[in-house]
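Protein chains: 2
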Amino acid sequence: MTLCVALDAMSGDHGSSVVIPAALKILSEIDDLHLILVGDEKKLKSELSHQSAKVKQRLTVHHAGQQVEMDDLASHALRNKKDSSMRVAINLVKEGKASACVSAGNTGALMATARYVLKTLPGIDRPAIITALPNMQGHSTHVLDLGANIEVSPEHLFQFAVMGSVLTQAVDNLPNPRIGLLNIGQEEIKGNERVKEAAKLLSKSPSINYVGFVEGDDIFKGIVDVVVCDGFVGNVSLKTTEGVAKMISHYVKQSFNQNLWTRFAALVSLPIIKNLRQKIDPRRYNGASLLGLRGIVIKSHGGADVLAFTYAIKEAVVEVQKNVPSQISHILATLLSERRRIE
Amino acid sequence: MTLCVALDAMSGDHGSSVVIPAALKILSEIDDLHLILVGDEKKLKSELSHQSAKVKQRLTVHHAGQQVEMDDLASHALRNKKDSSMRVAINLVKEGKASACVSAGNTGALMATARYVLKTLPGIDRPAIITALPNMQGHSTHVLDLGANIEVSPEHLFQFAVMGSVLTQAVDNLPNPRIGLLNIGQEEIKGNERVKEAAKLLSKSPSINYVGFVEGDDIFKGIVDVVVCDGFVGNVSLKTTEGVAKMISHYVKQSFNQNLWTRFAALVSLPIIKNLRQKIDPRRYNGASLLGLRGIVIKSHGGADVLAFTYAIKEAVVEVQKNVPSQISHILATLLSERRRIE
Chain A
361 MTLCVALDAM SGDHGSSVVI PAALKILSEI DDLHLILVGD EKKLKSELSH
411 QSAKVKQRLT VHHAGQQVEM DDLASHALRN KKDSSMRVAI NLVKEGKASA
461 CVSAGNTGAL MATARYVLKT LPGIDRPAII TALPNMQGHS THVLDLGANI
511 EVSPEHLFQF AVMGSVLTQA VDNLPNPRIG LLNIGQEEIK GNERVKEAAK
561 LLSKSPSINY VGFVEGDDIF KGIVDVVVCD GFVGNVSLKT TEGVAKMISH
611 YVKQSFNQNL WTRFAALVSL PIIKNLRQKI DPRRYNGASL LGLRGIVIKS
661 HGGADVLAFT YAIKEAVVEV QKNVPSQISH ILATLLSERR RIE
Chain B
361 MTLCVALDAM SGDHGSSVVI PAALKILSEI DDLHLILVGD EKKLKSELSH
411 QSAKVKQRLT VHHAGQQVEM DDLASHALRN KKDSSMRVAI NLVKEGKASA
461 CVSAGNTGAL MATARYVLKT LPGIDRPAII TALPNMQGHS THVLDLGANI
511 EVSPEHLFQF AVMGSVLTQA VDNLPNPRIG LLNIGQEEIK GNERVKEAAK
561 LLSKSPSINY VGFVEGDDIF KGIVDVVVCD GFVGNVSLKT TEGVAKMISH
611 YVKQSFNQNL WTRFAALVSL PIIKNLRQKI DPRRYNGASL LGLRGIVIKS
661 HGGADVLAFT YAIKEAVVEV QKNVPSQISH ILATLLSERR RIE
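Protein sequence lines, in the order shown, are assigned to chains A and B. So for the first sequence, my numbering puts the first residue at 361; every next one is plus one. So for the second sequence, my numbering puts the first residue at 361; every next one is plus one.
Some hints could be false.
A pair holds if it fits inside one copy or across any two, identical chains being indistinguishable in the list.
What the hints assert, rightly or not - Simulated crosslink set (SDA-like; lysine to any residue; CA at most 25 Å straight-line):
no., residue 1, residue 2
1, Lys556, Ser567
2, Lys639, Asn619
3, Lys639, Leu620
4, Lys550, His436
5, Lys581, Arg418
6, Lys581, Gly662
7, Lys639, Tyr611
8, Lys556, Ser435
9, Lys613, Asp641
10, Lys606, Phe573
11, Lys564, Leu692
12, Lys550, Met430
13, Lys560, Leu696
14, Lys403, Ala472
15, Lys550, Val477
16, Lys682, Ile632
17, Lys639, Val678
18, Lys402, His610
19, Lys405, Leu363
20, Lys581, Gln618
21, Lys613, Leu627
22, Lys550, Ala434
23, Lys581, Leu636
24, Lys581, Ala605
25, Lys556, Ala434
26, Lys550, Arg637
27, Lys634, Tyr611
To be clear, the hints were calculated from the coordinates, so they are not data collected in a lab. It should be emphasised that the depicted structure is a prediction, and the values quoted were computed from it without experimental measurement.
Bound-form chain A, shown alone (with noise of 0.2 Å):
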């Protein structure tokens, strides 16, 4: 099969305006993946009309009728639009015309409309939202999950963590990647129960590297490489983690932005600041994955750009390229048996 990505291209706050100039960017970087644009036809070949025989053939549009809006319920979405570029997207996947999708729509329809369409891997009970984020060894921390699961068991936990793992394994290249519970203290009689009794599940998988608790400022150490907690508090956490960052952004500008001589200073940092944003540009840890399904499945945020777009859909081929899914299913698999062994 060819590598093939479908892309919602009526999602997020700028739909195909972004959506088409990221595409068109990553296929002259890629050079065997075909890309499916889902949505108004019309509407997109117009979009595409000037680009030259040779891009269409790698850049192909589907037809998809409704587009799901930001503030749609995920029952709503799940139940009334059948024919959204969403939804059609994710039957590309599960009809195996596209190895994964990638959309910047409404978290809780994707996620709903993923699971109903595409179901979950066997041993997975919930699909979690797994994201990279930035750290100061300058690799990145993948955190699980993010807001899917506001309530999780103990066994939930230890499937985030295996999920996590295997997907840090193959879009990171680490051969056995730290895994951290998020915990208010790193002391083990610290945190509620369910932490608690995940830790005892995680300590008892020998294949698994668990390390142990870590609290919040250890996501942007380096110290492990995946750091498992429930959707709440993981959604909680990064959404602090833009807040901070937004704010000292904010300060930064104003700060240099006071008069003549600040303006000056700021000439001269310039290449810095540049360097410096760089490092930790949030677009470029663009692109959480759905894990846990039958498919590969890509959220982009909603208020992504081409540059932050195409880092979405780079960690959809990556994933492809790694076939994370079936490694998940293969290493759950192997790790209940080895828990049961030990039982």
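Assemble chain B onto chain A, guided by the hints.
The following block gives chain B in isolation, referenced to the frame of chain A:
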């Protein structure tokens, strides 16, 4: 009664080497303040020996023979360290010999001891920890609970909102602080049952300025004055904030230290970076309050330096001047009768 604050002089990473200079600094700023250094009398007196009689009138020493270590379990401190500087400082508040106390010691032990010695206010089931964080409006946002209560009920969240509202009124001179409940979406259908139920309780209380759900990034936007959450989520959010800020600061330093040119730019930008650092200097936000007790107890960061510790003492002074504990009782009683009337 004179304005008198007891300082746990043996606490934190630096003990009296930070507490004494901070005490001297604040005494020079606030005329009618009396401070009691609690700890090893011989050591503290020798460290004060070169001070004038006039200073020593307002900076006295109260002996305590033990000290709580950073890794002492709360239960161990409570049972076996009855003569610790922490416990004795809290006892002084209980006995009315001090109006507040400040400690940089172990949070768990401080909360357990304060709760045991001082007891909670009528109507408060559980004390909570609150601190201020900087926001983009140039003001601060108070967040609670930060780790005292891992599992909470909607009623607890309601009480946290009341306590946070009173503290913010007192400390920030805000007549009607805006209260937000931390959630993973702003829509009413989002979140777990606890936050949904707490939202109902808060909506039914006209004299609480409840504005709705907020997300992690809203802490830093300044759209609410108080953010209410359980202690697990609050602690993760606080530590995440610290982690992101440290990572950005690490990359700023690294970027400005790469070569001759970047070092020149750093020199040019120095006043701007200083100004920026001042705006979001975590030392200015040092001093978390243990709210809901029959007395004022302030927790300083363990690693606090002299400047940071003075901010913790200032927090204590303001809470004494505004009589925060009795205001909490008073407003809580009003709210509960208001709620009963509505029901």
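Cross-check of the supplied hints:
| no. | hint | in the structure |
| --- | --- | --- |
| 1 | Lys556 x Ser567 | within (19 Å within a copy, 40 Å between copies) |
| 2 | Lys639 x Asn619 | between (28 Å within a copy, 17 Å between copies) |
| 3 | Lys639 x Leu620 | between (28 Å within a copy, 20 Å between copies) |
| 4 | Lys550 x His436 | between (41 Å within a copy, 15 Å between copies) |
| 5 | Lys581 x Arg418 | neither (41 Å within a copy, 43 Å between copies) |
| 6 | Lys581 x Gly662 | between (28 Å within a copy, 19 Å between copies) |
| 7 | Lys639 x Tyr611 | both (18 Å within a copy, 8 Å between copies) |
| 8 | Lys556 x Ser435 | between (34 Å within a copy, 19 Å between copies) |
| 9 | Lys613 x Asp641 | both (15 Å within a copy, 17 Å between copies) |
| 10 | Lys606 x Phe573 | between (28 Å within a copy, 20 Å between copies) |
| 11 | Lys564 x Leu692 | within (14 Å within a copy, 48 Å between copies) |
| 12 | Lys550 x Met430 | between (38 Å within a copy, 14 Å between copies) |
| 13 | Lys560 x Leu696 | within (14 Å within a copy, 42 Å between copies) |
| 14 | Lys403 x Ala472 | neither (27 Å within a copy, 65 Å between copies) |
| 15 | Lys550 x Val477 | between (39 Å within a copy, 23 Å between copies) |
| 16 | Lys682 x Ile632 | neither (35 Å within a copy, 46 Å between copies) |
| 17 | Lys639 x Val678 | within (21 Å within a copy, 41 Å between copies) |
| 18 | Lys402 x His610 | neither (41 Å within a copy, 50 Å between copies) |
| 19 | Lys405 x Leu363 | within (22 Å within a copy, 76 Å between copies) |
| 20 | Lys581 x Gln618 | between (33 Å within a copy, 21 Å between copies) |
| 21 | Lys613 x Leu627 | both (12 Å within a copy, 18 Å between copies) |
| 22 | Lys550 x Ala434 | between (36 Å within a copy, 11 Å between copies) |
| 23 | Lys581 x Leu636 | both (17 Å within a copy, 23 Å between copies) |
| 24 | Lys581 x Ala605 | both (16 Å within a copy, 11 Å between copies) |
| 25 | Lys556 x Ala434 | between (32 Å within a copy, 19 Å between copies) |
| 26 | Lys550 x Arg637 | neither (36 Å within a copy, 33 Å between copies) |
| 27 | Lys634 x Tyr611 | both (16 Å within a copy, 12 Å between copies) |
Of the hints listed earlier, those the structure fails to meet are numbers 5, 14, 16, 18 and 26, in rising order.
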